[in-house]
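Below, each chain spelled out in residue letters.
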Amino acid sequence: MRAARTAYPLKWRIMDALEGVAAAIWPARFGRATPYLMLLPAVLLVGLLVLGLIQIADASLRTLDTTTFQFSDDYSIANFRRALTEPLFLVVAQRSLVAALIVTAVTLVFAFPYAYLMVRTRSPGLRKFLLIALFLPFFIGQVVRAYGWLIILGNQGMVNEALGLVGVAPMRLIYNYPAVLFGLVQYMLPFAVLMLAPALTAIPEELEAAAGSLGANWVRTFIHVVLPLARPGFIGAGVVVLTLSLTDFAVPAILGGGSQDFIANAIYDQFFRTSDQGLGAMLALMLVALGSILVGLVFALFGAGTLAMGRSRV
Amino acid sequence: MSGSRSKSIVLWTLVTIALVTLSAPTIVVLGASFTGGNIITFPPDGLSLRWYARISQASDLRNAFLRTLQVATVCTIVAIPVGTLAGIALAKYAVRFEKTIQIYLLLPFTIPLIGSGIGLMLIFGNAGILGQLWPVGIACCVINLPFMIWAVTASATGLDPDLELAAANCGAPPLQVFFSVTLPAVMPGVITGSLLMFILALNEFLVSLLLVDARIVTLPVLIYNSIRSIITPDLAAISVVFIACSGVAVFLLDRLVGLDIFLKSK
Numbered sequence: 001m002r003a004a005r006t007a008y009p010l011k012w013r014i015m016d017a018l019e020g021v022a023a024a025i026w027p028a029r030f031g032r033a034t035p036y037l038m039l040l041p042a043v044l045l046v047g048l049l050v051l052g053l054i055q056i057a058d059a060s061l062r063t064l065d066t067t068t069f070q071f072s073d074d075y076s077i078a079n080f081r082r083a084l085t086e087p088l089f090l091v092v093a094q095r096s097l098v099a100a101l102i103v104t105a106v107t108l109v110f111a112f113p114y115a116y117l118m119v120r121t122r123s124p125g126l127r128k129f130l131l132i133a134l135f136l137p138f139f140i141g142q143v144v145r146a147y148g149w150l151i152i153l154g155n156q157g158m159v160n161e162a163l164g165l166v167g168v169a170p171m172r173l174i175y176n177y178p179a180v181l182f183g184l185v186q187y188m189l190p191f192a193v194l195m196l197a198p199a200l201t202a203i204p205e206e207l208e209a210a211a212g213s214l215g216a217n218w219v220r221t222f223i224h225v226v227l228p229l230a231r232p233g234f235i236g237a238g239v240v241v242l243t244l245s246l247t248d249f250a251v252p253a254i255l256g257g258g259s260q261d262f263i264a265n266a267i268y269d270q271f272f273r274t275s276d277q278g279l280g281a282m283l284a285l286m287l288v289a290l291g292s293i294l295v296g297l298v299f300a301l302f303g304a305g306t307l308a309m310g311r312s313r314v
Numbered sequence: 001m002s003g004s005r006s007k008s009i010v011l012w013t014l015v016t017i018a019l020v021t022l023s024a025p026t027i028v029v030l031g032a033s034f035t036g037g038n039i040i041t042f043p044p045d046g047l048s049l050r051w052y053a054r055i056s057q058a059s060d061l062r063n064a065f066l067r068t069l070q071v072a073t074v075c076t077i078v079a080i081p082v083g084t085l086a087g088i089a090l091a092k093y094a095v096r097f098e099k100t101i102q103i104y105l106l107l108p109f110t111i112p113l114i115g116s117g118i119g120l121m122l123i124f125g126n127a128g129i130l131g132q133l134w135p136v137g138i139a140c141c142v143i144n145l146p147f148m149i150w151a152v153t154a155s156a157t158g159l160d161p162d163l164e165l166a167a168a169n170c171g172a173p174p175l176q177v178f179f180s181v182t183l184p185a186v187m188p189g190v191i192t193g194s195l196l197m198f199i200l201a202l203n204e205f206l207v208s209l210l211l212v213d214a215r216i217v218t219l220p221v222l223i224y225n226s227i228r229s230i231i232t233p234d235l236a237a238i239s240v241v242f243i244a245c246s247g248v249a250v251f252l253l254d255r256l257v258g259l260d261i262f263l264k265s266k
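Protein sequences, first through last, are from chains P and L.
Per UniProt numbering, residue 1 is the first one in the first sequence, and the count goes up by one each step.
Per UniProt numbering, residue 1 is the first one in the second sequence, and the count goes up by one each step.
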């Protein structure tokens with residue numbers, strides 16, 4: 001009997017031992033708790049962010065003594081007051097918010113036809129081409145992409161060199177607001193298309209044909225059939241683009257050249273240039289609040305759209 | 001596609017603009033890296049590989065790249081078990097407080113990167129582990145974890161629970177059910193998720209910028225620090241490393257699971 005048992009393949013014996021261990025530390029009567037055990041590592045990992053937020057909240061209530069460069073032991077809301085009253089932060093906040101709204105609108109306008117064509121085309125080749133053209137820049141970091149725009153639009157960049165050949169004086173195409181907006185739209189396009197595409201796939205093509213056979217032209221079909229049904233996709237894409245562009249750092253830093261700072265750049269400067277950690281933490285906390293309010297508002301008004309995780313429900 | 005001529009004209013105009021905008025930086029960086037001159041000019045000063053020769057000699061670049069790979073590896077190794085388990089749990093079971101857990105697990109996306117980065121910087125600073133590479137990998141894992149969970153839930157919802165019950169009915173104990181039925185079924189999601197995690201960690205800039213110091217600088221941060229107003233081709237040649245990695249990732253994704261997976265509706 002024992003000899004036969006050792007003749008079992010090694011894999012079986014390992015699996016048996018593992019099952020034994022698993023059954024000993026997690027008996028079957030815990031079965032109902034199994035999903036929570038499976039969720040635990042992810043919950044703990046994300047818990048790091050919660051801890052981080054608590055740290056930020058703590059730091060944000062301490063003021064910097066500019067003579068000793070020490071942070072106060074007691075809490076005060078002085079940083080909050082400064083963040084609200086200093087004109088610089090208001091300018092920066094307004095600039096970021098307006099940019100986020102413009103970028104969201106422009107990105108959705110371009111992402112929708114891209115996603116639509118990608119989903120509806122009959123040619124697998126074209127679909128693959130569009131997918132690759134989307135993923136290639138998506139997988140290339142922001143810094144490299146912004147660097148590419150510097151080569152194209154910079155003061156000695158390709159566009160200016162080309163204009164020089166035909167006798168046009170160099171123009172300042174970067175380090176301004178439109179350049180930052182443009183860079184952000186390019187950065188956001190893949191996100192938006194990838195959030196929109198599943199929502200468009202879910203719309204049966206027959207519905208469009210039906211609208212057409214009832215006499216609607218394509219514009220009316222889009223407005224009355226496709227766009228309303230694609231709403232979950234627009235919500236998902238809109239939320240992602242809005243929050244990511246509102247809080248972006250690299251594009252304003254590289255294409256704005258220091259003159260077009262967004263909130264994230266102001267926070268970074270507080271931490272690493274002026275070394276006023278308290279004020280920087282307060283600004284970070286306010287940005288988190290602003291972002292959460294925006295997301296919460298959209299979710300409360302329209303639902304979670306394609307952002308929902310987990311079991312699909314109607 | 002059904003529809004009129006004007007529809008395809010409008011669609012194609014917008015798509016063409018999007019395509020040009022998406023591809024222009026990649027193409028230009030590729031082109032610039034092969035230039036023969038000392039600065040990037042238009043039209044280019046002939047073709048050469050001298051900038052590639054130059055960067056292959058530079059040990060700081062090579063080390064930065066190796067560090068970046070290390071960060072991405074740590075991120076992926078942590079993300080695979082954590083994200084797979086969480087994704088399966090969310091997709092298969094009716095857990096209590098499901099909505100709350102979902103919102104909680106989306107925190108990495110709803111908290112702005114600068115907030116997450118600074119929070120992690122403060123925590124790691126207190127724990128005395130700033131200045132090492134593995135915390136950067138953990139940080140990259142946390143901020144992108146929803147991608148991994150998404151990818152896994154997307155394939156787990158397609159798994160028929162009866163299959164697992166059938167396996168159990170045939171006498172398979174829980175772990176065996178998991179490894180022989182559940183895991184193979186969600187494999188496409190695990191592959192997609194881990195590729196995403198790896199490539200996003202490879203490119204992660206802001207969180208790296210906050211968590212590294214001059215001794216352990218990663219490649220994206222190094223490129224950012226080297227950008228000056230005068231544009232030299234050596235940076236373009238380094239950037240091609242990222243373009244190449246991106247190309248490999250797209251190829252693998254297409255081969256292993258098919259890019260079409262992203263078009264599927266839930």
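Hints listed in this document are in silico derivations from the structure and should not be mistaken for laboratory results.
Worth double-checking, as some hints may not be accurate.
[Unchecked claim] Here are the simulated distance ranges between beta carbons:
1) L/Ile17 with P/Ile25: 35 to 45 Å
2) P/Thr66 with L/Leu256: 53 to 63 Å
3) L/Asn63 with P/Thr85: 21 to 31 Å
4) L/Thr16 with P/Ala209: 39 to 49 Å
5) L/Pro184 with P/Ala24: 44 to 54 Å
6) P/Asn155 with L/Thr73: 38 to 48 Å
7) L/Asn63 with P/Ser76: 15 to 25 Å
8) P/Ile102 with L/Cys170: 54 to 64 Å
9) P/Phe71 with L/Pro184: 32 to 42 Å
10) L/Ser4 with P/Ile54: 30 to 40 Å
[To be verified] DSSO-like mimics (lysine-lysine), calculated; alpha carbons at most 30 Å apart, straight line:
11) P/Lys128 with L/Lys7
12) L/Lys7 with L/Lys264
13) L/Lys99 with P/Lys128
14) L/Lys99 with L/Lys264
Heads up, the beta-carbon is just placed ideally off N, CA and C, and yes, glycines get one too.
Status of the hints after comparison with the structure:
1. L/Ile17 with P/Ile25: 35 to 45 Å: Since the Cβ atoms of L/Ile17 and P/Ile25 sit about 58 Å apart, the hinted range of 35 to 45 Å is violated.
2. P/Thr66 with L/Leu256: 53 to 63 Å: At 56 Å between Cβs, range holds.
3. L/Asn63 with P/Thr85: 21 to 31 Å: violated, 46 Å
4. L/Thr16 with P/Ala209: 39 to 49 Å: With Cβ atoms ~26 Å apart, the hint is violated.
5. L/Pro184 with P/Ala24: 44 to 54 Å: About 26 Å separates the Cβ atoms of L/Pro184 and P/Ala24, which means 44 to 54 Å is violated.
6. P/Asn155 with L/Thr73: 38 to 48 Å: holds, 39 Å
7. L/Asn63 with P/Ser76: 15 to 25 Å: At 45 Å between Cβs, range violated.
8. P/Ile102 with L/Cys170: 54 to 64 Å: holds, 59 Å
9. P/Phe71 with L/Pro184: 32 to 42 Å: violated, 54 Å
10. L/Ser4 with P/Ile54: 30 to 40 Å: Since the Cβ atoms of L/Ser4 and P/Ile54 sit about 58 Å apart, the hinted range of 30 to 40 Å is violated.
11. P/Lys128 with L/Lys7: Holds. P/Lys128 to L/Lys7 sits at ~22 Å (cutoff 30 Å).
12. L/Lys7 with L/Lys264: holds, 24 Å
13. L/Lys99 with P/Lys128: Violated, at roughly 35 Å.
14. L/Lys99 with L/Lys264: Distance ~23 Å between L/Lys99 and L/Lys264 Cα, so the pair holds.
Violated hints for the displayed structure, listed by number in ascending order: 1, 3, 4, 5, 7, 9, 10, 13.
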